[in-house]
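As a plain string of letters, each chain reads:
Protein chains: 2
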Amino acid sequence: MKIISKIFLGLFTIFLIVSLSGYFLFIYANGNITAKVISSEANLSNLKINSLSIVFFLVSSFILIITTGLIVSLSIMKPLEKIKTAVSERNEEVYLSQNNEFAGLANEINKRIKYTEKEYKEILDNANDLIQSVDKDCNFIYVNKKWKEIMGYSEEDIKSLSLLNILKSDQKTHCMDLFKKVCAGEHLENVNTIFISKNKKEIFVEGNISPKITNGKFISTIGIFRDVTEKKQVEKEIEKLNKLMIGREVKMSELKKEIKELKK
Amino acid sequence: MKIISKIFLGLFTIFLIVSLSGYFLFIYANGNITAKVISSEANLSNLKINSLSIVFFLVSSFILIITTGLIVSLSIMKPLEKIKTAVSERNEEVYLSQNNEFAGLANEINKRIKYTEKEYKEILDNANDLIQSVDKDCNFIYVNKKWKEIMGYSEEDIKSLSLLNILKSDQKTHCMDLFKKVCAGEHLENVNTIFISKNKKEIFVEGNISPKITNGKFISTIGIFRDVTEKKQVEKEIEKLNKLMIGREVKMSELKKEIKELKK
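Heads up: the sequence lines are chains A and D, in that order.
Our numbering runs 1 ahead of the 1-based position in the first sequence.
Our numbering runs 1 ahead of the 1-based position in the second sequence.
Keep in mind that the hints were calculated from the coordinates and are not lab data.
Heads up, some of the hints might be wrong.
Identical chains blur together in the list; that is why a pair holds if it fits in one copy or across any two.
[What the hints assert, rightly or not] Below, simulated DSS-like cross-link-like pairs (lysine-lysine); rule was C-alpha separation at most 30 Å, straight line: (1) K169 to K83; (2) K201 to K137; (3) K137 to K199; (4) K85 to K202; (5) K149 to K112; (6) K79 to K257; (7) K237 to K265; (8) K147 to K83; (9) K119 to K258; (10) K265 to K199; (11) K237 to K181; (12) K79 to K233; (13) K265 to K233; (14) K258 to K173; (15) K237 to K147; (16) K265 to K182; (17) K122 to K258.
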């Protein structure tokens, strides 16, 4: 049941009880007086004033009830509705330009959402991946601890950093094509590219990029990358070792041949 | 200003306006009647009924106002306070056993929190780490997609799985000691252990474990691990290659020595 209907039902019930008791009270008082002034001219006026007071009482009670309803709806239902709309529209923040219990509730809701975000951001900060969130203009909205650690940029640097600043020159065109795809709503897996850290080191990364979409509107891209620089180096090392090994094998069979020749 | 005070102030203002206008109306009506029945016995009774009606009007209006206050506080301030408390205590869910606008708001707040959680869980699912959340009884509360992929367990399996089930036998004592530390509030870095996947494969992991604490109470551990099985294998391979290489070197110098001898 709606609160407004509940309040009005409650008020009308009291109104009914008060009116009925008032009506019987006046009937009783009127009866007494009527008996006393039965022969007097005042009888008619007396009855007139009684009905006048009843009408006045009814009208004023009615005004009270209607005004109560208006006050309640203005001071309660409106901010309630405003909070509900802001919450259901998944706004980043619920804002009320008031200073009452509803503003207090809005504030608590904001804190609650921030708390959940903080909880998860802590998890993301503990992750071993480089996580970055970039808006449609290529500005960084969020990067995690590992990202800052590997890329060498501070929170302050990131404010003025663009996605283009961290891409290796030969990767820019390719990456911007991918970026546009994600902005259009695509989720990309197995993206391979090369970042350049603050101190110009090449960081080989592979990972995936997803769009963050709220109320059907693109908000940002979320990229989760693994630093594969070390892996690439190890792969190179194994390749080198294998080549060396082959060289040694060739050399050895040559030596063995030579021994064979010499032994003849 | 508090809503309740605002409502009461509004109601008392109307009450004052209505009372004053009622008083002057009765004075006016009474004056007319008094003129007509000036010599009659009814005059006194007439005045009596007027004051009776004024008192009755005042009392009934007062009852209306007090009852309005009670209805408003019961049907509005109580659920509002309940929602606020649940939100500020960071409960998982805001629950109201009602079916009105407040229940609607509570529902929207729940959906909003779930939405933020879903957003972040999507990021966690895209991560390349194995992420697991375990409660104080070693039951799994959450694992991400990568965890399920590498460990081979389904969402259904996980419901009845304990942390002990996924640890290699020789790791259990050590890991349980670490687990107790995290339950006591410690954050652990560089944890190295071996998981056993559903199909009995050894998964070498390294990572960190943090406690999730809400309102000063331990809720769960959050472990973020990197699968280093491949890395360990590669390391072994390099070691093997290096050993082979040394063997080859020794063999070669022997062969060279032999050649030297033969050439003499």
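To see whether the hints hold, each was checked on the structure:
no. : hint         : result
1   : K169 to K83  : neither (47 Å within a copy, 54 Å between copies)
2   : K201 to K137 : within (25 Å within a copy, 45 Å between copies)
3   : K137 to K199 : within (23 Å within a copy, 42 Å between copies)
4   : K85 to K202  : neither (49 Å within a copy, 50 Å between copies)
5   : K149 to K112 : within (26 Å within a copy, 32 Å between copies)
6   : K79 to K257  : neither (95 Å within a copy, 95 Å between copies)
7   : K237 to K265 : neither (42 Å within a copy, 42 Å between copies)
8   : K147 to K83  : neither (39 Å within a copy, 40 Å between copies)
9   : K119 to K258 : neither (70 Å within a copy, 69 Å between copies)
10  : K265 to K199 : neither (65 Å within a copy, 61 Å between copies)
11  : K237 to K181 : neither (33 Å within a copy, 42 Å between copies)
12  : K79 to K233  : neither (60 Å within a copy, 62 Å between copies)
13  : K265 to K233 : neither (48 Å within a copy, 48 Å between copies)
14  : K258 to K173 : neither (54 Å within a copy, 56 Å between copies)
15  : K237 to K147 : both (25 Å within a copy, 27 Å between copies)
16  : K265 to K182 : neither (71 Å within a copy, 73 Å between copies)
17  : K122 to K258 : neither (66 Å within a copy, 65 Å between copies)
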